[in-house]
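Enquirer: First to last, the sequence lines map onto chains A, B, C, D, E and F. Here our numbering is used: the first residue of the first sequence is 1, the next is one more, and so on. Here our numbering is used: the first residue of the second sequence is 1, the next is one more, and so on. Here our numbering is used: the first residue of the third sequence is 1, the next is one more, and so on. Here our numbering is used: the first residue of the fourth sequence is 1, the next is one more, and so on. Here our numbering is used: the first residue of the fifth sequence is 1, the next is one more, and so on. Here our numbering is used: the first residue of the sixth sequence is 1, the next is one more, and so on.
Rather than coming from a laboratory, the hints here were simulated on the basis of the structure. Just so it is clear, CB atoms sit at the ideal spot from N, CA and C, and this is done for glycine as well. Some hints could be false.
Here are the simulated lysine-lysine pairs, DSBU-like style, with alpha carbons at most 35 Å apart [said to hold, decoys possible]: (1) K83/A - K58/B; (2) K44/A - K58/C; (3) K24/E - K24/F; (4) K33/C - K44/A; (5) K58/E - K44/B; (6) K33/D - K44/D; (7) K44/C - K58/C; (8) K24/F - K44/F; (9) K83/B - K65/B; (10) K24/F - K65/D; (11) K33/B - K58/B; (12) K83/B - K33/A; (13) K38/F - K65/F; (14) K44/A - K24/F; (15) K58/D - K38/D; (16) K38/D - K83/C; (17) K33/C - K24/F; (18) K38/B - K58/B; (19) K38/F - K58/F; (20) K33/F - K44/A; (21) K24/B - K65/B; (22) K33/E - K83/B.
Computed Cβ-Cβ distance ranges for the label pairs, DEER-style [what the hints assert, rightly or not]: (23) N53/E - N60/A: 28 to 34 Å; (24) A54/F - S115/A: 49 to 55 Å; (25) G113/C - K58/B: 35 to 41 Å; (26) A54/E - D47/D: 32 to 38 Å; (27) S48/E - N73/F: 53 to 59 Å; (28) R51/E - N73/F: 51 to 57 Å; (29) A54/F - H72/B: 48 to 54 Å; (30) K33/A - D57/C: 27 to 33 Å; (31) T27/B - T27/D: 55 to 61 Å; (32) Y28/B - A54/C: 35 to 41 Å.
Protein chains: 6
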Amino acid sequence: MSATTSAQPAAERPASERSSSERKEPTYLFTEKHVAEKSEIARKFLDSRERLNANVDKANNFLVKRFYNVDHNTYLEGSLPAKTKELMGLVASTCLRCDDCIFYHAIQAYRLGVSRGEQEESLNVALIVGGSIVVPHLRRAYELLEEMYS
Amino acid sequence: MSATTSAQPAAERPASERSSSERKEPTYLFTEKHVAEKSEIARKFLDSRERLNANVDKANNFLVKRFYNVDHNTYLEGSLPAKTKELMGLVASTCLRCDDCIFYHAIQAYRLGVSRGEQEESLNVALIVGGSIVVPHLRRAYELLEEMYS
Amino acid sequence: MSATTSAQPAAERPASERSSSERKEPTYLFTEKHVAEKSEIARKFLDSRERLNANVDKANNFLVKRFYNVDHNTYLEGSLPAKTKELMGLVASTCLRCDDCIFYHAIQAYRLGVSRGEQEESLNVALIVGGSIVVPHLRRAYELLEEMYS
Amino acid sequence: MSATTSAQPAAERPASERSSSERKEPTYLFTEKHVAEKSEIARKFLDSRERLNANVDKANNFLVKRFYNVDHNTYLEGSLPAKTKELMGLVASTCLRCDDCIFYHAIQAYRLGVSRGEQEESLNVALIVGGSIVVPHLRRAYELLEEMYS
Amino acid sequence: MSATTSAQPAAERPASERSSSERKEPTYLFTEKHVAEKSEIARKFLDSRERLNANVDKANNFLVKRFYNVDHNTYLEGSLPAKTKELMGLVASTCLRCDDCIFYHAIQAYRLGVSRGEQEESLNVALIVGGSIVVPHLRRAYELLEEMYS
Amino acid sequence: MSATTSAQPAAERPASERSSSERKEPTYLFTEKHVAEKSEIARKFLDSRERLNANVDKANNFLVKRFYNVDHNTYLEGSLPAKTKELMGLVASTCLRCDDCIFYHAIQAYRLGVSRGEQEESLNVALIVGGSIVVPHLRRAYELLEEMYS
Chain A
1 MSATTSAQPA AERPASERSS SERKEPTYLF TEKHVAEKSE IARKFLDSRE
51 RLNANVDKAN NFLVKRFYNV DHNTYLEGSL PAKTKELMGL VASTCLRCDD
101 CIFYHAIQAY RLGVSRGEQE ESLNVALIVG GSIVVPHLRR AYELLEEMYS
Chain B
1 MSATTSAQPA AERPASERSS SERKEPTYLF TEKHVAEKSE IARKFLDSRE
51 RLNANVDKAN NFLVKRFYNV DHNTYLEGSL PAKTKELMGL VASTCLRCDD
101 CIFYHAIQAY RLGVSRGEQE ESLNVALIVG GSIVVPHLRR AYELLEEMYS
Chain C
1 MSATTSAQPA AERPASERSS SERKEPTYLF TEKHVAEKSE IARKFLDSRE
51 RLNANVDKAN NFLVKRFYNV DHNTYLEGSL PAKTKELMGL VASTCLRCDD
101 CIFYHAIQAY RLGVSRGEQE ESLNVALIVG GSIVVPHLRR AYELLEEMYS
Chain D
1 MSATTSAQPA AERPASERSS SERKEPTYLF TEKHVAEKSE IARKFLDSRE
51 RLNANVDKAN NFLVKRFYNV DHNTYLEGSL PAKTKELMGL VASTCLRCDD
101 CIFYHAIQAY RLGVSRGEQE ESLNVALIVG GSIVVPHLRR AYELLEEMYS
Chain E
1 MSATTSAQPA AERPASERSS SERKEPTYLF TEKHVAEKSE IARKFLDSRE
51 RLNANVDKAN NFLVKRFYNV DHNTYLEGSL PAKTKELMGL VASTCLRCDD
101 CIFYHAIQAY RLGVSRGEQE ESLNVALIVG GSIVVPHLRR AYELLEEMYS
Chain F
1 MSATTSAQPA AERPASERSS SERKEPTYLF TEKHVAEKSE IARKFLDSRE
51 RLNANVDKAN NFLVKRFYNV DHNTYLEGSL PAKTKELMGL VASTCLRCDD
101 CIFYHAIQAY RLGVSRGEQE ESLNVALIVG GSIVVPHLRR AYELLEEMYS
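All chains, full assembly: derive it from the sequences and hints.
Expert: Here it is as structure tokens:
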């Protein structure tokens, strides 16, 4: 992100005033550790993800690293808030039926301060678009929501 | 929707203050007719959709009508703004690679005042989650965006 | 379901003589409990499903309840027998590769008196349409069939 | 199909009395030509399919021929009637969202004497399992049904 | 790409002797223009792709450009020859059922000197893995092969 | 495979000189037992697969056996080497996100002498085509690669 002469830094201006090429790291209200302490499902998922990612990192595959980098950049604050994009990641993951991806985005959204109601409405979009084949994943997502939001 | 003593009607309060069971029709800035006049792609899609839906309506299938009803309710103003949910519908449709569905949600989002930058960021989430198999649909989506936003 | 002057109630007439708007609960030959006693796989699935659904029910999400309702109505006796529609649910679940959904519909079909041969022929349709990516799910389905039908 | 000493030939006994290894060609009530005359959509699909298949046949690829052969055998009369299996093919095709496959199985089912109500109920299973992403395909399926059954 | 003392440049050594971080542009035997002259299907696809990509390029979306860049790098000569990776792209595209992607990779493979037999065997892998839902795409792929290889 | 007057048997000629109808069993450098001893993940997968397949074999379903036979024939040495086709199976399985299928083809490729770099490049094709939804499967694939190749 290049320097800017704006008195107000990009990060502090509302998303709607930032151009699509301005991106910044979002501010998390909670750490992964905090979520892992609240939810057993989150803890198991985060531990397993960390262990397996260490193995991928060790392989040091150039294209995997490039892909991970573009992936990371996709969810930064931009024209849309990071919150919204994590919920979009949740919708996409639920439609495409990947439990690990659902857990990841629901945890990220939680860490950014998304409410349970907002998570449920996102899952509703995924349910109607994706159909009843999505239901077993919805059940597991609700179990995680229950643990995180109680 | 339970009665409320609030002086300010549900519709006018911000989404974050509405409970998930309160839903209302969103306010469109533009009619379908307006979009059809700006974009040839939109016009063709809307005409074909109207013609084919007339045929489905004529069949009067009870369960199809029930499904359409739940579908309609999913995108109303609720805990999340209708705008966000139409963009989530766009992400889901792009990941699942359905041109008709992409056109539908991109048009709906446009009618609700979503900016081109917001549409592009939504498509970026779908692209990274769904991969290069999404690219041909992305190209056709950009063609529609170009026509609607110019 | 509108009143009918027919001497014979809708439920007792053959499916082919009922209109598509007439729907009725099917008659199960076996309870879920019976199946759970015959098959360990069925028991684990039914227990987990019950536990997770209790959690979803507790959330009391309006649209989830509406969706579940339409889903329930889809598999009632209608123009097609409930048996056939459960087997169609099995085919769809196998093609879309969801083990939980496969177990659910295979159990439902069993409870309605479907034979093992009929279950296998349904899985064959899913196998040829869906390809070898379906095979791991087919193997798990056969394990359930083995337990239920022995 | 091994010889049988049964007085009544396999073909004439009800499906439920045939073993799963007994298969026979179904009896079509209508020719493809007849359907092509009733429905413009069917005619275009059947013509295009015939032209493209001629090209595949010319290539004479051993494994494609073997695959086509297993595919053909899957839909013969067996433990389940051919009618039911064509409708299962329709459900699978609709869930997996392939218009050509939908048209193929809806036409086959029509040729075997399936009623419009039975076709609609099959599509309802696909709609609830597959979700709203299926809707554009449902619309095109209803257009074909309208032409074939009017 | 780290410095190497090898007298023979990376590009000229066989793939098996290159490390996975060494990548180079493949050598095409034929231009897109050549393929477009041989095949009407290829010509229409390439023209449409060029026109739509121009539109995407104009939007100049940072993340789309990054994604396209990683995508381009994936198919360069590396541990595996470019030829093999284009055929893998063909298999993936056929399994995931995207005609545009199938045409793209089949044309790329042709341009790199892949034989018709090799293209057909790749399609066979996609057919068995993906099932009969792949058949309509197989038919269209064979039409392109027929035009390119005759 | 028809008789041939060639002094050199089909099996020993390079793939590029064999016609697509000539197929032969590939030569494995390692047995399944060897891989199971190196890798705990492989061992668990192979044991479970063997146990479940025994159950499918016992059912003796004619069409399943036919399908398995065509499947087996697809990966024999032909116009393309068996190695390449196992890697194509790996790409397809990764795109379609089936862990069992990924494990199967990665093990087969290993047994045929494929290098780790070649496996990783195949996974890269699947990652870019299939998107980030593929990542959890990629992580599990890397864990298997780590065990097999160390």
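Enquirer: What hint numbers does the structure not satisfy?
Expert: 1, 14, 17, 22, 27 and 28
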